[in-house]
Amino acid sequence: MTRMFFEADRPGPAMHALVIGVGGYAHLPHGGGRTIADPLRYGNLGQLTSPPRSALEFANWLRESDPIRWAAPLASIDLRISPAPADPDPGGPGVGFPDATIDSITEAYDAWKERCATDENNVAVFYFCGHGLQSEEQLLLASDFGRYEGNHFRGAFAFDSTRAGFLQRPPRTQCFFIDACREVVPGVTAPLGGATADPLDRPDATRRRRCDHDLTLQSSTPFATARSRPKNVSYFTAALIKALKGGAALTDEFADWVVRTDRIAMAIDSLVEAEAGRPMPTAKGPAFLPTVLYRLDGPPDVELTLACVPEPALGRATLFYEPQHSGRAVRTPPMPEKWKVTVKAGYYRIGAEFEDHTYDAVSRTELINPPTTAQTLRTVGR
Amino acid sequence: MPIVFVHGVATRRDPGYAKSEAARAALMRGFLVPATGQVPFFAPYWGGQAAAFAWEHASLPQGDEEVFGPGEETPAILLGEVWESEPPPDDRVVLQVARNSFADGIDLLFGTAAEDVDPEEADGFARLAVRAAKLTRPAWLDTARDDVEVINRLAEDLSESADEEEAFGPDRALLHVYEGLSRIRGAAGRMTGRLAVKALRPSLNRSASMFLGDILVYLRQRERLRADGPIATTIATDLRRACEACTADDPQVIVIAHSMGGNIVYDLLSGLRPDLSCDVLVTVGSQVGVFAELGLFDAVRAPANPATDRIPKPPGVDRWINVFDLNDILGFATERIFDGVRDFRYSTGKGAFAAHSTYFIRPSFYDRLATRLREAS
Amino acid sequence: MSFHLNLRTHEQALRGVPVVVDVLDDGLHVVDQRTVRVNQRSSFDLPAGQYALQVTLPSGDRLTETVTSAPGSPDHDIALWEISPHESMQRTVVLKSGPAGGGRRFTEPGFQSLWVRLWTRVDGVWGVGAWPDAVAHWDDDAVAYVFPTGRRPHMLQIGGPRIPWRMVSLPAAEELEVTVQPAGDEQTPNVTLTVATEDNLAEATLGYLTAGAVTHAGLISDQAEDLLNRKTTNPAGAAVGGYFLLRTSSLERLHNWPRNLANWMQWMPDGALIHAWQLIREQQESREPVPARLDEARELLLVTVERGLPVYTEGLRLLVSGLKLFDFQAEGADPEIRDALDRIRPFVAAADLTQPTTSFLGSGPSVASTAPAYGLPRSRRGLAIVYDVAVADLVPLGLVEAGTSLWLNPPPVIGPAEAQMTPHGTVRLADGREFTDLFAAAAAANRTDIWYSWVAEDSGPLAFARDRARRGQLPPP
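Protein chains in written order, with UniProt numbering: chain A, 1 to 382; chain B, 1 to 377; chain C, 1 to 477.
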């Protein structure tokens, strides 16, 4: 039995996560093992330093988040990581993790599936970060991709079928996060017959769909590339964590700030764009009925930007924002740049005053929502 | 450093034009302005104002049916230039070419791949080509068994640690080189003996007829309209825009003109538009020397003593480099006619096939050009 | 106490579009969530106080406004034209997700000679038809066409010298609205293309589904059964309703309509597909499997492939997973299923699964390719230029004869233009755009078009030639 990254006894429904980060690929160039013949047919897939760190960041965030804030409290995290030779200790010196070979992933998947099935009100979380390719479905590569010369894809699994298969398993709430590329390469299209990798699970024509609430996100659309700065958490993973932390939050009928599956799907693209500095659209899965995944203990942070129209007014304005039931924050002296501040979400009185009376003072009340809100104050010159 | 590229004869905006334009622009930027971000780049297109063929080339001798598959003509021409005898076995084409000359092998691979690079991938491809052109002949070349091994070893030598970003998937630029290999293989397989020459004949004929046509159209426009001719205006407009794009930090304008483009730029700078200027003029595979000898330029007067009399370079040109390939039957020397120009020979290899049209798809050409430009400054 | 909300538009075609609004009180409790309709006044009975309205448009965009509920408080208007660059774009902006604007203009070099053509399938054979005599608006940041697609499969193809050739499935409609917008950046220009039928309910449902807002789709689509029920009048809307009910597992609400859709609308592959999945899902939910029904589902999936690609991306996705389901069931030993998978595999590999209707890179309806083509097609048949013709293409396209003399007239003033001074010191043009700079306002209002200034001997301004190209009236070669 492999040691779990996190385990807790939870009576009743609980959350079970399987987190996989593949950075070291033994049979790809510079992977330390026997290199496959003609790796260029797959576009020279290299060793990756980001996926292990991304997976670790995601697992750590799950572990450190308050268990009772989840729809079901966190009960287990199985973390499988293959580090890249250039970054052998992503968890710090001496901290090792079970490998992310296809056997290890398959074993972990089966065990996770069993844990998930203990209660239909559990929450299942599957996360994968590493190399991906596109056939008629997305293929995700385990660390021993290319181990068998006869079929390199025995070290990979087909994602879309796996996802379709798991839909027919408990629990009712299922989250799949896939941070990998979806490029088409000759090594996938050339072999006759096409289908090159087996899924971890298979859909069945006679089995009932058990999933009611789905959140499936793939960090890249077909032909697109998922990316990261080396030895950093990937853009997608960073955005996902921000979404869960409150970037995708809204209030419910009890005025609690909650993170719902549909809001994550709707907010993720702008959060990824904020991380990467350019648009990198994601793909969203079947998305049945939404559900609350995480409840915050208070309003989330919002990046608020205040500006004026006409533009010259900004350089003369004393800008302010004033939360409900709290004191006013003022920017003095006036500056020609927009005012960017991080505030807690909620109602604010925002406005601009002009000491030199060159423009009319303005103010209004706004609901400031996460993750970012830009407000423009229109004024009139005197 | 704004760059102006003036294309030569027989350039038409066909479906491949956008791709080749993007690849050429990216290669020029990649090799000539290393480590610079965006460089203003101008490529005046004058092919649309040049010769039109009323019978759509009915005057060309009818060759056999097209022998090469899609995208195979470029590798066939490149291969034809460096390989005289029977082509090598089709799984060892690049290997054999590279063993003779490593630079030829790189040119064959990247010249073929460049044809298929999408505009959005051009910069990544150019960066890879720059690194490839800098490689010296590797020792593994003597033991490599076939082309697949060659490009995999090459990919390994070219792989660099990702500084900025790593991708969770394939390297698109290398994939193009890989996909080009199948077209090289296809071209070589169909290039047995004399068949090759025969197969490429229609396309060479067509180029020759367009060459004549474009020259005649330009000369007629100049005769009637002087600097206001449509071709002259198109090119002059971009020369002026390039000058306007200069900044105090980046004051140099480079004009690279191919073939007939070189003759036109010379004509503009020496006589029709003396108000225009550039810091470096590079004429490639041009006929400026021949045009001068034939008295086709206003600025050129017949010499009293051909052994010693030289024509000064145009006043608006600071430095002038003329590059030609000895195998290019349409590229000519200039040094013994003009003052202030330097001729450089660039050799593609043994054959004498179609060197004229392949300068700008070869990484080795850009690499040498970059060296010459550095020397010139 | 109550207040009234009005989502206002000048665009008649948007009237009645259902939009979901959440109402939060001053303590941030969600106190109401409901559907309102564009251009219809909605009353909210709520205690006096301050509220926030969160309007989620079917495009996925969210507008937040604060209002006060007090005796005699005026109606709260939200002007939808303020979020749209043009009146002709309002419907797209409200209904369709995607990057709006981005600052690109069709006048940039990368978009010259961008072209479209329309493929139609008649008797099982795809061919390029004449470009429809469409109602069209040409603005430099959006071009919109409205034309009927009727009861047969259509695909729009778009491409250009620097834009990869792409095929987009068009749903059946009496008035289909296709909007093309410039996108990408200067180095790598691209276009976004949106497609909307005249059916506001179906489009809003599809919009919410594409944006991942299933609850919102559910709120407005209590009428999803209605959509299906209207299948004879609106097969595309029926398909959207069917996909929605499948997605939400509302199997009992599908009734026997998918069967009728499959039988009556044989030209639309989505009908057979929805019926196949209805059978599969019913089997999966039932305690006793009936093998014969699964056989029927298998047969229907094969029929779907014979009928062509589903119009909607949701359908393409379901087609692949359905075929894979039977492939797994047969352990890969069912040759017909294998063949069907092999036939659609290239399309799936080349498809853009983020678009609502099936879209893929390809040179024709039957040819998908992950290596895109660029340039102009050789054949001029049915070809229409989207905005500007590259000057270099005027002669090759037969629009201007080589050697034609041109002269330049001073740019005409296309005026007078109407505008309004706003209380906050801007000039607002009739289309809603606001400017603080009078010069920019004049340029935008006047839309000086240099194509009118260049006049060709015999044939008048070059704009006439360009307009012929835009209307798909290229002379035969």
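Quick caveat, the hints were computed from the structure, so don't treat them as lab data.
Here the structure is a predicted model, which is why all the values come from computation and not from measurement.
Note that beta-carbon positions come from the ideal geometry of N, C-alpha and C, so glycine has one too.
Each hint should be verified, as a subset may be incorrect.
What the hints assert, rightly or not - Here are a few chain C residues that sit away from chain B, every Cβ distance over 12 Å (derived from the structure):
#, residue
1, G16
2, T66
3, S113
4, W126
5, R162
6, D185
7, A371
8, D393
9, L394
Stated by the list, open to error - Selected chain B positions facing chain C (in silico; Cβ < 8 Å):
#, residue
10, R13
11, Y17
12, Y45
13, G48
14, A52
15, D157
16, E160
17, D339
Structure-based check of all given hints:
1. G16: Non-interface label stands for G16(C): nearest chain B Cβ at 41 Å, farther than 12 Å.
2. T66: holds, 41 Å
3. S113: Incorrect as stated: the minimum Cβ-Cβ distance to chain B is 9 Å, not above 12 Å.
4. W126: At about 21 Å from chain B, W126(C) clears the 12 Å cut-off, so the statement holds.
5. R162: Not fine: 5 Å to the nearest Cβ puts R162(C) too close to chain B.
6. D185: Check fails; 9 Å does not lie beyond 12 Å.
7. A371: violated, 7 Å
8. D393: violated, 7 Å
9. L394: Since the minimum Cβ distance to chain B is about 9 Å, L394(C) lies within 12 Å and the statement is violated.
10. R13: For R13(B), the interface hint holds, since the closest Cβ of chain C sits about 6 Å away, which is under 8 Å.
11. Y17: Cβ of Y17(B) sits 7 Å from chain C, so the hint holds.
12. Y45: Holds: closest Cβ of chain C sits about 6 Å from Y45(B), inside 8 Å.
13. G48: Constraint on G48(B) satisfied, holds at 3 Å.
14. A52: At 6 Å from the nearest chain C Cβ, A52(B) passes the 8 Å test, so the hint holds.
15. D157: violated, 26 Å
16. E160: violated, 22 Å
17. D339: violated, 37 Å
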